[in-house]
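So the sequences go chain by chain: A and B. If you use the working numbering, the first sequence corresponds to residues 1 to 270, in order. If you use the working numbering, the second sequence corresponds to residues 1 to 324, in order.
For the record, the hints were derived by calculation from the structure and aren't laboratory data. Quick reminder that beta carbons are idealized off the backbone N, C-alpha and C, glycines included. Don't take every hint at face value.
Unchecked claim - DMTMM-like cross-link-like pairs, simulated, lysine to aspartate or glutamate; straight-line CA separation at most 20 Å:
1. A:Lys176 with B:Asp70
2. A:Lys169 with B:Asp250
3. A:Lys188 with B:Asp250
4. A:Lys94 with A:Glu214
What the hints assert, rightly or not - Coverage of chain A stretches by chain B, computed from C-beta distances (three or more under 8 Å per stretch; other residues unrestricted):
5. 2-9
6. 63-73
7. 85-96
8. 125-131
9. 134-141
10. 173-184
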Amino acid sequence: MSFKILVCIKQVPDTDDIKWTEHNTIQREGLESIINPFDLGAIELALKAKDMLSKSNVQAEIDVISMGPPQAKQALMTALALGCQNAFLLSDKKFSAADTLATAYTLSQFITTKIPDYKLIICGQQAIDGDTAQTPSSMAQKLNTAQITNAVALQEINEAYSIWVQDTKSQKRTVKSGFPLLVATTLKNIEKLPDINGYIRAQKTEIKVCNAEEINADKAKIGLLGSPTQVKKAFVPEIQRNTTLIENEPTNHCANYILNEIKSCKANNE
Amino acid sequence: MNKKALIYIEINNNIEKVSKEIISKINTLSNDIEIDGVVISDEMTIRNNFDELKQLKLDKLYLIKDNLFDTFQTCLFANVLSSFLKENNPDIFLMGATENGRDLAPRTASTLDIGLTADCTELQLDENANLLATRPTYGGKMMATIISKTKPNFATVRPGAFKENASAAGLPEIIEAIPAINGHEFLIEVLKCEPKPQIEDWTCADVIVAGGLGLKTKENFEKVYEFCQITGAKPAASRAAVELGWAPSDIQVGQTGCSVCPKLYIALGISGAMQHMAGITNADRIIAVNTDKYAPIMQASDTAIVADACSILQNMIDECTVNR
Numbered sequence: 001m002s003f004k005i006l007v008c009i010k011q012v013p014d015t016d017d018i019k020w021t022e023h024n025t026i027q028r029e030g031l032e033s034i035i036n037p038f039d040l041g042a043i044e045l046a047l048k049a050k051d052m053l054s055k056s057n058v059q060a061e062i063d064v065i066s067m068g069p070p071q072a073k074q075a076l077m078t079a080l081a082l083g084c085q086n087a088f089l090l091s092d093k094k095f096s097a098a099d100t101l102a103t104a105y106t107l108s109q110f111i112t113t114k115i116p117d118y119k120l121i122i123c124g125q126q127a128i129d130g131d132t133a134q135t136p137s138s139m140a141q142k143l144n145t146a147q148i149t150n151a152v153a154l155q156e157i158n159e160a161y162s163i164w165v166q167d168t169k170s171q172k173r174t175v176k177s178g179f180p181l182l183v184a185t186t187l188k189n190i191e192k193l194p195d196i197n198g199y200i201r202a203q204k205t206e207i208k209v210c211n212a213e214e215i216n217a218d219k220a221k222i223g224l225l226g227s228p229t230q231v232k233k234a235f236v237p238e239i240q241r242n243t244t245l246i247e248n249e250p251t252n253h254c255a256n257y258i259l260n261e262i263k264s265c266k267a268n269n270e
Numbered sequence: 001m002n003k004k005a006l007i008y009i010e011i012n013n014n015i016e017k018v019s020k021e022i023i024s025k026i027n028t029l030s031n032d033i034e035i036d037g038v039v040i041s042d043e044m045t046i047r048n049n050f051d052e053l054k055q056l057k058l059d060k061l062y063l064i065k066d067n068l069f070d071t072f073q074t075c076l077f078a079n080v081l082s083s084f085l086k087e088n089n090p091d092i093f094l095m096g097a098t099e100n101g102r103d104l105a106p107r108t109a110s111t112l113d114i115g116l117t118a119d120c121t122e123l124q125l126d127e128n129a130n131l132l133a134t135r136p137t138y139g140g141k142m143m144a145t146i147i148s149k150t151k152p153n154f155a156t157v158r159p160g161a162f163k164e165n166a167s168a169a170g171l172p173e174i175i176e177a178i179p180a181i182n183g184h185e186f187l188i189e190v191l192k193c194e195p196k197p198q199i200e201d202w203t204c205a206d207v208i209v210a211g212g213l214g215l216k217t218k219e220n221f222e223k224v225y226e227f228c229q230i231t232g233a234k235p236a237a238s239r240a241a242v243e244l245g246w247a248p249s250d251i252q253v254g255q256t257g258c259s260v261c262p263k264l265y266i267a268l269g270i271s272g273a274m275q276h277m278a279g280i281t282n283a284d285r286i287i288a289v290n291t292d293k294y295a296p297i298m299q300a301s302d303t304a305i306v307a308d309a310c311s312i313l314q315n316m317i318d319e320c321t322v323n324r
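This is chain A alone, in the form it adopts within the complex:
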């Protein structure tokens, strides 16, 4: 049996032209989309893991999963072209408008029903549209696995355990964990780009589409209904101050004005 690696990816809008639905969620259809950059980092780590395992004669297979509208197939195609073996799209109107908790439930429900023999899950730490970084941790809990976040490199992997480098603002750690394990990565820049052979292989691979029924999803836990958090209001903030405009003044006047402001700021402190 091969060593199963799962990668979860999200298609995100690549435009400033954001439209909101009546539920104050994002209108995804018709929006220019890209693979979330952090998820490309996840694919890269999965490919590294597969490669390292094969060097110790362990055969690994990478399954890539996404939840979204039918057009998210594009993102999965890219993942296949990059070297993933199988692709699954969780797509159902009932899944839409899911918050992080409902998303984590849906993905973990898919994994437990369809790919229960996985060893390693790799996710991008966060998606650039929401920036919450919640789904990986939430999913790890639902799947009852250990989790390593802020991962930037894979140092060692074998059938029993893997060793990762975590990089955060305060420290750099080397950590070890057995399987099953969920890893979230902050890597964004990937070395490998899909080549023409990759795209040909991807074209030949069927992307399996799953709906809510096929994964035995509890209706109360998916989509809008399963999302405890809801956007009450979305707005572009107006930051207004009572502005004094200085223009057509000589440079040294302006410079002195700022220097005086700095001085008075300091004087107030003493």
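Given the coordinates of chain A, work out where chain B should sit on it, guided by the hints.
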């Protein structure tokens, strides 16, 4: 007092500043709610911080102590915290969106099957004391106010989003709570840990001088450092300047960088994209220098100077050196 808010007080050697910022903010929201805190840590760390803990402006402070808690472990802490929340049953639960907080909060929320709003920069209560949590979304292009149907209303709060009111002290009732450790925890083995040099917290310095694209070159940006050296101000940068490699990401201001709260913020050649403005709303005073009178930052400043930022910066440096 029928409603109850609980704040997770994070300690890594010292009490995290954001925990104190949340306490200060929540105390300004209502006089009618009970405000409690909870600490999960080891005996020694709690003892070292006890003088400060016992003066936090809280009604009750729960201490969950065990020597297992001397290092942060996501799964262990999430289980202990979830059990405590089930028993304590607060209406609102808040945590700092620190590195550990961003790990612990979603795992805890998922255990309890409750909603969680990440990285909030504004907190309000509605007429029924439900939490209205506002956060930047879409890379800081929009703000979203989020409500939760589940109890507790749970949110993480962005460090620096609120100011700490250092003068407000309380006398919380201290309660020791017994941790629920169920033995089946996934512990991650730490093979090596290299702490990074602690960068002095510059985000609330009196004066911050930030440079952006309008400084045109890396060499010009270097002058921001030079000027800060002379005046004792702290240097900062816009995202664009960081992406061009003019400045390290540690000093980036904005939604994807730091939130700052200086007395005076001087923006040199920064246009003021939404995502940058999200980081400077707490500055007392903002002076912007930009050649474009209509740049967004100009309307959002107290003083907007239409001029070339490079010349002004050079002129200020010259002025200071002459007067020395």
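Outcome of the hint check:
1. A:Lys176 with B:Asp70: Between Lys176 (chain A) and Asp70 (chain B) the Cα gap is close to 18 Å, so the pair holds against 20 Å.
2. A:Lys169 with B:Asp250: Distance of about 8 Å is within 20 Å: holds.
3. A:Lys188 with B:Asp250: Holds: Lys188 (chain A) and Asp250 (chain B) sit about 18 Å apart, inside 20 Å.
4. A:Lys94 with A:Glu214: Holds. Lys94 (chain A) to Glu214 (chain A) sits at ~12 Å (cutoff 20 Å).
5. 2-9: Contact hint for the stretch 2-9 of chain A vs chain B: violated, 0 residues under 8 Å.
6. 63-73: n = 0 at 8 Å, threshold three: violated.
7. 85-96: violated (count 0)
8. 125-131: holds (count 4)
9. 134-141: holds (count 8)
10. 173-184: holds (count 5)
Of the numbered hints listed earlier, those contradicted by the structure are 5, 6 and 7.
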